[in-house]
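Novice: Protein sequence lines correspond, in order, to chains S and A. Note that our numbering has the first sequence beginning at 34, numbered continuously upward. Note that our numbering has the second sequence beginning at 6, numbered continuously upward.
Honestly, I wouldn't trust all of these hints.
[Said to hold, decoys possible] Which bits of chain A does chain S cover? Going by a derived footprint, with three or more residues having C-beta under 8 angstroms, they are:
(1) 119-126
(2) 376-383
[Unchecked claim] Covered by chain A, according to a simulated footprint, are these stretches of chain S (three or more residues, beta-carbon under 8 angstroms):
(3) 144-154
(4) 274-282
(5) 290-301
Don't read these hints as lab results, they were simulated from the structure. Glycine is no exception: its CB is placed at the ideal position from the N, C-alpha and C atoms.
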Amino acid sequence: MSLTPASDIVGKKPGRGLSGLLLVAIPVFLVCWMVIWPILSAIWRTVWIRNDGGTGSSFSLETYVFFFSDQYSLNNLYVTLWTTAVCAALLLVICIPIALYLRFSTGKLAAYVQGLAIFPMFVPSIILSYALIRVLGPNGTVDLLLNAVNLPKIRSPYLTPWGPVIGLVWDNIPLTVLILVSGLGSVSNQSIEAARDVGAGRLATFWYIILPRISNSILVAISFTVLGLFSAFTLPYVLGPAAPEMMGPFMQRTFRDLNDPVMAITQAVIAFGFCIVFGLFYVRSVAKNRAP
Amino acid sequence: MKRRAFMLSVGGAAAGMVLLPRMAFAAPGVIDWYTASDTNILDFWTNVVKPKFEAANPGVMLNLVDAGDNAGQLAIADRAVAAMQTSTDPQADYFESADPRLPAGAIDGGLYVNLKEAGLSNWSKINPLAIDSDYSVPYRGSQVLLAYDTAKLDPANAPKSWADLVAWIKANPGQFIYNRPDKGGSGGNFVRRAIYEANGKDPAAFTTSNFTAEAGEKALTPAWDILKDLSSSLFDGGAYTGGNTPSLQLLGQGAVTIIPAWSDQAISAINTGVLPETTGLVQLQDLALPGGFSRSVVLANGVNKDAAIKLADFILSEEIQSAVLSELGGFPGVAWDYVNQDLRQKYADVIPTTIPSFPGGDWEKAINDGWYRNVAPNVDRNA
Numbered sequence: 034m035s036l037t038p039a040s041d042i043v044g045k046k047p048g049r050g051l052s053g054l055l056l057v058a059i060p061v062f063l064v065c066w067m068v069i070w071p072i073l074s075a076i077w078r079t080v081w082i083r084n085d086g087g088t089g090s091s092f093s094l095e096t097y098v099f100f101f102s103d104q105y106s107l108n109n110l111y112v113t114l115w116t117t118a119v120c121a122a123l124l125l126v127i128c129i130p131i132a133l134y135l136r137f138s139t140g141k142l143a144a145y146v147q148g149l150a151i152f153p154m155f156v157p158s159i160i161l162s163y164a165l166i167r168v169l170g171p172n173g174t175v176d177l178l179l180n181a182v183n184l185p186k187i188r189s190p191y192l193t194p195w196g197p198v199i200g201l202v203w204d205n206i207p208l209t210v211l212i213l214v215s216g217l218g219s220v221s222n223q224s225i226e227a228a229r230d231v232g233a234g235r236l237a238t239f240w241y242i243i244l245p246r247i248s249n250s251i252l253v254a255i256s257f258t259v260l261g262l263f264s265a266f267t268l269p270y271v272l273g274p275a276a277p278e279m280m281g282p283f284m285q286r287t288f289r290d291l292n293d294p295v296m297a298i299t300q301a302v303i304a305f306g307f308c309i310v311f312g313l314f315y316v317r318s319v320a321k322n323r324a325p
Numbered sequence: 006m007k008r009r010a011f012m013l014s015v016g017g018a019a020a021g022m023v024l025l026p027r028m029a030f031a032a033p034g035v036i037d038w039y040t041a042s043d044t045n046i047l048d049f050w051t052n053v054v055k056p057k058f059e060a061a062n063p064g065v066m067l068n069l070v071d072a073g074d075n076a077g078q079l080a081i082a083d084r085a086v087a088a089m090q091t092s093t094d095p096q097a098d099y100f101e102s103a104d105p106r107l108p109a110g111a112i113d114g115g116l117y118v119n120l121k122e123a124g125l126s127n128w129s130k131i132n133p134l135a136i137d138s139d140y141s142v143p144y145r146g147s148q149v150l151l152a153y154d155t156a157k158l159d160p161a162n163a164p165k166s167w168a169d170l171v172a173w174i175k176a177n178p179g180q181f182i183y184n185r186p187d188k189g190g191s192g193g194n195f196v197r198r199a200i201y202e203a204n205g206k207d208p209a210a211f212t213t214s215n216f217t218a219e220a221g222e223k224a225l226t227p228a229w230d231i232l233k234d235l236s237s238s239l240f241d242g243g244a245y246t247g248g249n250t251p252s253l254q255l256l257g258q259g260a261v262t263i264i265p266a267w268s269d270q271a272i273s274a275i276n277t278g279v280l281p282e283t284t285g286l287v288q289l290q291d292l293a294l295p296g297g298f299s300r301s302v303v304l305a306n307g308v309n310k311d312a313a314i315k316l317a318d319f320i321l322s323e324e325i326q327s328a329v330l331s332e333l334g335g336f337p338g339v340a341w342d343y344v345n346q347d348l349r350q351k352y353a354d355v356i357p358t359t360i361p362s363f364p365g366g367d368w369e370k371a372i373n374d375g376w377y378r379n380v381a382p383n384v385d386r387n388a
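Just chain S, same shape as in the assembly (with noise of 0.2 angstroms):
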C-alpha cells in the first residue's frame, strides 16, 4: 500500500473515520432512541386510530381535526403562543442590557450581578410558584408593603394569564443570560473603541457594532427559551387561570383525568410542530457558524 502525498498531508489514517464515527454513535443512537422515535410512534398512533369496535386500524386524521375545530383546544393554543412570545420578548428586553452590563463592567458589583442573575437556575420551579403567590399574590408581601405606604393594592396576577409569564420569565433569565454574556464574548474591545473613536453614541455601537455580532446568540437564546417556555407545566399549572390553559397542563389533563391518551399524543404532536420550527432556527444558526 502506498501512501499518495495528498493524503500525508492531511494526515488521513485508516480508522480514524470509523473511531470518529464511534464517538458520535453514541449520543445518535441516544437521539434516536428517545427521541426520534418516540415522536414518530406518536405520529403513527395519531394517525393510525383503532377502529371503534376495536378490530383493526385505520388511518384517519380525525383527532387532529377534532382540535383545529374545537374553540377550548385552540384558545388553549393561543395562549400558549401569547405566553411563549410574551415571554420571550420580555427576557430580551431584561436579558440583553444584564448581558451588556456584565460583558462591558467589571468589579465586585458585576459578580453579584451575576449571581443574582444566575440565582434562578437553582430554584425548583414548584417553590418558585408558591413563594410567588406569597409576593405577588392577594395581600401578599407587595401588597403589604404597598398598603404600609397608603398605596391601594395591586391587580394581584395570580391565577390570571400573567401569573405564569412573571414566573417563567424570572425562571428563564439565567439561560438567556447565560448564552448572550457568551454571545457577547466575539465582540472585541477593539471594534468597540473603533466606533467610539469615530463619534458613534452608545446607542449606535450597540446597534451596528454589537447587534449583528451578537444576533446569533438571540436566536440561539430564542429557540431556547421558547423551546422550555412552550413546554412548561408548573408555573401555568399553578399560577395559571383555570382556562385557558397552556398546552402543558392540558395535555396532562387529557391524559391522565380524561384517560384519552390519542388526543393528549394529537395535542403533543402539534406542540412540538411548533417547536421544530425554533428547533430548525437554532439548528440553521449552529450550521451556519460551523460552515468554513
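Go by the hints and put chain A onto chain S.
Specialist: Coordinates of chain A only, in the frame set by chain S:
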C-alpha cells in the same frame, strides 16, 4: 498520573455513580406502600401508623412512598399488572387509597387480595355503609365542608344551606373560591354538590354504572348553569385555584372569606397554624357536601403480601381508628362502637349521619371535561 488528576477522576466517577439508575428490588420484610393522598395523610402514616405497626410487628418495616396523585399511583398499579404477566416483582404491596376496579379488569385479573376472605380479624367491625368492595378496606372517611374566616363572617350568619351559600356568594363578590374539580376533592365535591342541587338533591341518582352521554348531558348542563351563574361573583371575577392547598392558602392570607375544604385537611391546617385559629367550619344542612371513604388495597403479587394483609387488619384496630379521629380529623372506617368512648363523646357533633358519595369512573371524566369546557372559560376579567 498525578495525584490531583487521580483524585479528580475518582471523585468524578463517584459522583457519576450516584447518577446511575439504581436497580431496586423489593426487600423481604419491607412493605412497599404507596399513597396518592395529600401530605397530611403521609404525615399521619409516618408519625402514627408506621411506628405503631413496626413496634407491633418486629422485623417488618414500612417503606412509605408518595405516588403524587391518583394517576401516579395508577401507573404503579399498571406496573404491577405488567409484573404479574411476567411473574416478576412489582415492588409494591399496599395502596393507601385506591379503587380496586382500576386499572380496568384488575379484580378479575387477580391483582388485588380479596380482603373479606383474607381472614382479617377486624373485618366485621367495618361500618357497613363504608364497604364498597370485598377487595378494599375503608379505614378513614373525610367530607368536604365550608371553612370560613370568623373575623369577617359571624358564625351565626354562616351559610347553612346551598341557597344561603349562593346568596352569600352573590352578596359578597370576590370572597369565595373553589379549586378546579380535577385538581383536588374540595372543589371537586363542591362541583358535585352543585350537580346534586341541579338534580333534586338525590345522591342515589348517580351510580358508577348509570352514566350515558345523554344522562350526563341532561344532569350536568343545569349544574354548569348554576356554577356559571356564580363565576362572576367568585374571587377575581372567576378564578379557580389549582388544588386543595392553594385554596387554604388564600383563606389563610385573608384574600377570601369562605372556601370548601376537606374536613381532615382543614382541622390539621388549623392545628398546625396554616389556618388561623379564627377559622370556622360549617356543613350544609340541607344536603351535606359530598365526601367519601378512603379504602386501602393489598396487591396479590407483592413480595410482602402476608405482612401487607396484617397491615390492612392493623389499621382497623381501635388504636389506629381512634387516631384517625383524633390525629387526622377524619371519620373512622369502623362502626362508631369500635372507637374510643371518650372520643366518640367529644366528636359527637361532627359524626355524620350520611356522607353523600359521588361515583367515579365515567361520571368523573364527564364532570372534569364538562367543567373545563363550560364553567372555567366563563371569566369576567374586567369585573
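Novice: Work down the list of hints and note, for each, if the structure agrees.
Specialist: Hint by hint, here is what the structure shows:
no. : hint    : verdict
1   : 119-126 : violated (count 0)
2   : 376-383 : holds (count 4)
3   : 144-154 : violated (count 0)
4   : 274-282 : holds (count 5)
5   : 290-301 : holds (count 3)
Figure legend: structure checked against the earlier numbered hints; hints not met, in rising order: 1 and 3.
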